[in-house]
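> Respectively, the protein sequence lines represent chains E, H and C.
FYI, in our numbering the residues of the first sequence are 1 to 111.
FYI, in our numbering the residues of the second sequence are 1001 to 1240.
FYI, in our numbering the residues of the third sequence are 2001 to 2450.
None of these hints come from the bench; they were simulated from the model.
Since the model is a prediction, treat every value here as computed from it, not as a measurement.
Hints may contain errors.
To be verified - Label pairs and their in silico Cβ distance ranges: (1) C:Lys2401 x H:Glu1165: 30 to 40 Å; (2) H:Lys1055 x C:Asn2245: 55 to 65 Å; (3) C:Lys2133 x H:Phe1209: 47 to 57 Å.
By construction, the Cβ of each residue, glycine as well, lies at the ideal position given by its N, Cα and C atoms.
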Amino acid sequence: MVYYISIALIGVGIYGLISQKNLFKHLVSLSIIDTGVNIFLISIGYVEGKEAPIYSIFTPTANFVDPLPQALVLTAIVIGVGILALGAVLVVRVKEKYGTLNVEEMKDVRR
Amino acid sequence: MRKFLSMLLALGVVFVLIEMIEPIPAYGKVDLSKRVSEKYVSKSVSGFREEVAYKKSKNLEEGSANVVTSIVVNYRGFDTLGEVTVLFISAFGVGLISSGLKRKGYGRKPNFILRTAVGVVLPLIILFGVYIFVHGHLTPGGGFPGGTILSIGILLLYLSNEEYELSEKSKVLEGTSGSLFVIIGLLGIAFSGAFLANFLPTGVIGNLFSAGIVPIIYIVIGFKVGAELSTIVADLHKEG
Amino acid sequence: MISLLIAIPLLGAFTSIIWKKVTDVLLIITPIINLSILAILRPTLVEHLGGWKAPFGIPLVLDNASYITLFIINSVFLLLSLNRNLFDLNYGTVFLVLLTSTNGLILTGDLFNSFVFLEITAVSSYILAYHNKNPYGAYKYLIIGSVAGAFYLLSTILAYVNTGSLNMAHVSQTLNSSVIPAIALLYVVGLGVEAKLFPLAGWVPDVYASGSPMTPVILGSMVTFTIMYLVGRIFLSVLHGSFLNVLYILGLITVVFGEISALRQNDLLRALAYSSVAQAGLVISAISLKTSEAITAGYFHSLNDVTAKLILFPIAVLISKGFGKNKIPGIAFSIASFSVIGFPLFAGFRSKLLILLSAFSKGDYVLPAVLLFAGVVEVAYFIRWNVRLWHESEGEECEMKKHTQFILLALSLFIIYIGLFPDLYLSVSEKIAKSLLNVSSYIEAVLGGM
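The whole structure should be built from the sequences, with the hints applied where relevant.
Set out below in structure tokens:
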């Protein structure tokens, strides 16, 4: 079921966040967690046998899945993109300041 | 050792989450009449109920054929204002943090195919992006994907030319579009008594000129998102 | 009219990116406009945005609690923008967006809308955390703050699936009590990062102690108080005050952890950062006792902490060489540190005494014990820092402008005034507490007899 896939993605993201030492991999794990939550959010709106929520030639009267989670996920994806961009430029600055992206090596440089 | 502990923690979180989704109805078997979306779909939030039919119903309370657009821009338009603000402040932050860095070169001359194809493909990309956000209330898409496609055109310009720099006018476009969005909301107070109220007539559902202020807001959002993502693309091309 | 409180700072932020020169004028005018709008409006007013009634649209709720919190936040912002030398004006747009988002967090009556405004506040804080060339601290804050945001969104989804709407009042009315533990646990993770709870407070020292004079001042006063309001709103009004035991235990562990870590620091800024963590833990523990008296005590203590940190952080950053030649900031610093310790005659004593009394009247003895332990530890390191700073008499003239020094001295004399006559802060906190606990009138105001 789709719910279990999204929870597995969240688990993979949390594993990556804690066990990896490279800062860029933390950013990728954050992106995986966001993707997992978005997939969960969309999948709770599905109704079997119904169509996409747009009034058109193919569906002139209402026969739709739940449109509200789709609107929410639009916002959540955009927020995730904004945070990802900010994280990427911070990684550039960290590399420029410390010369390395490895957490262990940075501990020696900072002390 | 660290990998083992983090695996335990991740498995623990996964088990807790699986416990939490027990009471959710099964996948695909949702009863829509228990949720607020039922009123959004039948466009009867203010109580007046009428069968909605494509290209037939006139002057409904909310006239866009794309129900997701009607939720994003009209019923929950304040969330969209917040989302536009998130993009705005993160684009501003990227510009602020990367100030003082210079344009990074790629180290080799761009491919001949790339350089000639840009001249042909770029106008098509911009046209496609504008089409998507102008028709946001009729077809899937809207301001956000349309703006993203515009910024991909700018990325293509960056990839094919080592000297290209995005001009400062994109900031003016960004600020103006954002102010226009807030001013449309304030006009809603002036004409209808509520912030972001729909004060233009809604017309026949399914036509291009319908749904009141929804296409106008999506055009504004399309240009704003295009300018912001182009700024982010430009600033991420820098290095110290 | 309520939406103007959010629309006007946002319009200011958008125009400040077109003309940079207008930023410093906007930074002063915007809170003055907001305060004058607040002076006209009166509590318990609900504005339905777009004209759509709740629970289908988004309501902005101005009840007693949000009215007072808005007043406090805008006044603090006005106070900060008058001290221009602490601020880097390149960040002017970020301040305006932060004002927008804290106002929005306080006013909103919808769960997903609060998620959006929480993310705007978080992104502005990440940018402010970068100030003074601190990319690693800002990055750690970004990662852990975004994971918390994802968990906040997850709990909002669970509330939607269970009740069918996203409106705070409607959810509070129709939430099935069997899912409350799951939703509350996710909210604890979601809000615990910003509320500086153990074990999610690892970002605080790196962000607050970066040497920047404006980051800890803004984050430790405006954002912290808004988050305390949001914790009260979600756990007391929406979730009906259940599952508060976890917050209580986490808060107590935070206090112990914060005070012991502060004692071991050799750097004054990091010690103050850990002290902020400990005070936040104390406020959360007091709020989680759920009686009206305890919640009043919690918000009173939070107000005192905000006032004290407004004084302590700028002085600690700008005057690290000693108080020999800088007598006025030195007096302000000492008064503020005595208030944090809780000496009688200062404001901190009143709030700590109230927390003690409300815990005793509920029959609880763990919180008073932890509070007294924390007080002893605070005496140890604050007195040590004061002695160390007052003894270095060969320090040079400081870089703080005269009017900033006088504003800080006036704030510290205000602390003594509150210590003698606590009615101003006390009545304000009592109104917040009573309004947060009064769930039925909140539901009635928003849903309007639906």
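> Each of the hints needs a verdict: does it hold here or not?
Now for the hints, and whether the structure bears them out:
Separation of Lys2401 (chain C) from Glu1165 (chain H) is about 39 Å and conforms to the stated range, judged on CB atoms against 30 to 40 Å. Against the hinted window of 55 to 65 Å, the Cβ-Cβ separation of Lys1055 (chain H) and Asn2245 (chain C) comes to about 58 Å, which satisfies the hint. Look at Lys2133 (chain C) against Phe1209 (chain H): about 53 Å separates their beta carbons, and that is inside 47 to 57 Å.
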